[in-house]
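Chains as they are written, first to last, in my numbering: chain A, 40 to 204; chain B, 40 to 204; chain C, 40 to 204; chain D, 40 to 204.
Just so you know, the hints here were simulated from the structure itself, not pulled from any lab data. There's no promise every hint is true.
One copy or two, either will do: identical chains are not told apart, so a pair holds if it fits within one copy or between any two.
Within a straight-line C-alpha distance of at most 20 Å, the following computed SDA-like cross-link-like pairs (lysine to any residue) qualify [unchecked claim]:
id, residue 1, residue 2
1, K111, L89
2, K67, H99
3, K67, L106
4, K195, E56
5, K195, P139
6, K195, R60
7, K193, R81
There are 4 protein chains.
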Amino acid sequence: MNHNVRLYVTGGTFDKEYDERTGRLFFKDSHLSEMLALGRSRVPVELRTLMMVDSLEMDHDDRELILNQCRKSETDRIVLTHGTDTMEITARALGEAQIPGKTIVLTGAMIPIAFGSSDGLFNLGAALAFAQSLPPGVYIAMNGRVFNWDNVRKNKDAGQFEELA
Amino acid sequence: MNHNVRLYVTGGTFDKEYDERTGRLFFKDSHLSEMLALGRSRVPVELRTLMMVDSLEMDHDDRELILNQCRKSETDRIVLTHGTDTMEITARALGEAQIPGKTIVLTGAMIPIAFGSSDGLFNLGAALAFAQSLPPGVYIAMNGRVFNWDNVRKNKDAGQFEELA
Amino acid sequence: MNHNVRLYVTGGTFDKEYDERTGRLFFKDSHLSEMLALGRSRVPVELRTLMMVDSLEMDHDDRELILNQCRKSETDRIVLTHGTDTMEITARALGEAQIPGKTIVLTGAMIPIAFGSSDGLFNLGAALAFAQSLPPGVYIAMNGRVFNWDNVRKNKDAGQFEELA
Amino acid sequence: MNHNVRLYVTGGTFDKEYDERTGRLFFKDSHLSEMLALGRSRVPVELRTLMMVDSLEMDHDDRELILNQCRKSETDRIVLTHGTDTMEITARALGEAQIPGKTIVLTGAMIPIAFGSSDGLFNLGAALAFAQSLPPGVYIAMNGRVFNWDNVRKNKDAGQFEELA
Chain A
40 MNHNVRLYVT GGTFDKEYDE RTGRLFFKDS HLSEMLALGR SRVPVELRTL
90 MMVDSLEMDH DDRELILNQC RKSETDRIVL THGTDTMEIT ARALGEAQIP
140 GKTIVLTGAM IPIAFGSSDG LFNLGAALAF AQSLPPGVYI AMNGRVFNWD
190 NVRKNKDAGQ FEELA
Chain B
40 MNHNVRLYVT GGTFDKEYDE RTGRLFFKDS HLSEMLALGR SRVPVELRTL
90 MMVDSLEMDH DDRELILNQC RKSETDRIVL THGTDTMEIT ARALGEAQIP
140 GKTIVLTGAM IPIAFGSSDG LFNLGAALAF AQSLPPGVYI AMNGRVFNWD
190 NVRKNKDAGQ FEELA
Chain C
40 MNHNVRLYVT GGTFDKEYDE RTGRLFFKDS HLSEMLALGR SRVPVELRTL
90 MMVDSLEMDH DDRELILNQC RKSETDRIVL THGTDTMEIT ARALGEAQIP
140 GKTIVLTGAM IPIAFGSSDG LFNLGAALAF AQSLPPGVYI AMNGRVFNWD
190 NVRKNKDAGQ FEELA
Chain D
40 MNHNVRLYVT GGTFDKEYDE RTGRLFFKDS HLSEMLALGR SRVPVELRTL
90 MMVDSLEMDH DDRELILNQC RKSETDRIVL THGTDTMEIT ARALGEAQIP
140 GKTIVLTGAM IPIAFGSSDG LFNLGAALAF AQSLPPGVYI AMNGRVFNWD
190 NVRKNKDAGQ FEELA
């Protein structure tokens, strides 16, 4: 029941840092390695950073790149960290591409990991678990729950993910 | 794919606190509610504290109580927080009891939640995910992985869980 | 050697929070009360929030208000939390006003308290200590050091405070 | 007004770590360097670890060693980290020795630094500030306050330091 997992990093709130000089949030390095260490993960994970962007700035080319990486991955269990604002769009792009035999789970965070109060470690644990246990498909794992790519949206007022219907 | 989950608390490292007067670790209240809030969990969870003990002090009666609670639970997705030292013993007791139709996932932490560096939030996320996605059975979710009750042990030297064989 | 201390809050990096909806930093409530509790402070402190602003947005009227509050304060030991970007300007305004008999210590943070890695708690401890132990005057307490109002500047490249000469 | 400071480490709650194998607290390395980095301290500090013990286990020889180090130190501003349980005893030993020309400040923590909720960073900031600003003497800096060595005790019930009278 235990699988290798490919972990693709694309940025998002997960990896935002505080810039002392400007007082703004920015991307430096990914926190994913240290998060796996903190969680004492023994899942065989290959970590690869595809980009480090705010998901509001992701464009069609970025999603093509993500799609190609998922297609090419020799590992069929994939976790993708992603900004929450357009997570459902990327999930849809991956879902409609109908990649056979792969379980792809998108996850992210509402609060940056660098904040003490982040939900990121919880989400990463859940996403890794869903990626290992669910049948092929494209999913979003947020709020401890899992959603199919064709039945999920971010409720921006409530700050949580929910089914469409 | 989303289920109600019953969350049983039994204590363990998860919930150890630092006692300022004695300089020792002790149990006060469970951290599970605040952990679910931190993870922004929207899983419908019923939380119940069965006991607050170090798992080295758990005896046969304690395990009977846990077994009965799992049997009686009207929810068939169960997460059980448990000290890591004897987690495999309780898992075995539950597994051998052959409770039909229920997915029971034991999890815990190597480092108390009250420490900044705890693995607990990661483990809780994973345990909730496995409890929602796996077929009936008794499992241990630790280190991002999942183990069947009859093929798991804590490697005390390495401080991690592994298969028997 | 122990004195009542008046603690004036003006905002600054100290009190920046992460807004989940916009992904930006903003001011909500002051963290000073919880920081005093965390430090287990037994200093008799009267806490008063004068404003909640980024110090780059502080204008002449804001500094007049701060000056008047310091003049009127019946407590002669004062700590003022302040954004670091213009801390030296407010210190100069207070210093040139030559308020007699009062020890006024400005402090702040390079990293918001809401981040796990903030310097704020260290700075608050130092500022309270300097406010209790130094003779009347206007000081900046940052980086564990203390500076007279007429001999201090923020070195924005190094991200630290230093003497002018 | 800024001085070199000698920082002597003796252990105490400050530096307790959680041992995953035994579930007990123990001493590994001192956290003082990382705490100074976290506080962005620019105080010229020479850090020296004298011992790593629970202050309840400190004996006469240990206190002789501390006393000799304070006497020999070429720096006349000294901060000493110490367990809180017998801090007043060591302060008394140092005070009665009447070391001329030196400002010695003892400090500690009620909660280990490794816990998220520690008071240690606040106390370290205050101790460094008092060490730089107070005249020669032996002091305890706890709870944001400062006490002379001959007028202080730990109130174990309240978990705080207070004057004798």
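Against the structure, the hints come out as follows:
Proximity of K111 to L89 under the C-alpha cut-off of 20 Å is restricted to the intra-copy arrangement: shortest distance 13 Å within a copy versus 48 Å between copies. For a Cα distance limit of 20 Å, the shortest separation of K67 from H99 qualifies neither inside one copy, at 23 Å, nor across copies, at 36 Å. Proximity of K67 to L106 under the C-alpha cut-off of 20 Å is found in neither arrangement, the shortest distances being 24 Å within a copy and 40 Å between copies. For a Cα distance limit of 20 Å, the shortest separation of K195 from E56 across copies, 18 Å, qualifies, whereas the shortest one inside one copy, 22 Å, does not.
Taking the shortest Cα distances, K195 and P139 never come within 20 Å of each other, neither inside one copy (32 Å) nor across copies (40 Å). For the identical chains of this complex, K195 and R60 are inter-copy neighbours only, at 7 Å across copies versus 30 Å inside a copy, given an alpha-carbon limit of 20 Å. Taking the shortest alpha-carbon separations for K193 and R81, only the inter-copy value of 13 Å comes in at or below 20 Å, while the best intra-copy value is 31 Å.
Checked against the numbered hints above, the structure breaks hints 2, 3 and 5 and satisfies the rest.
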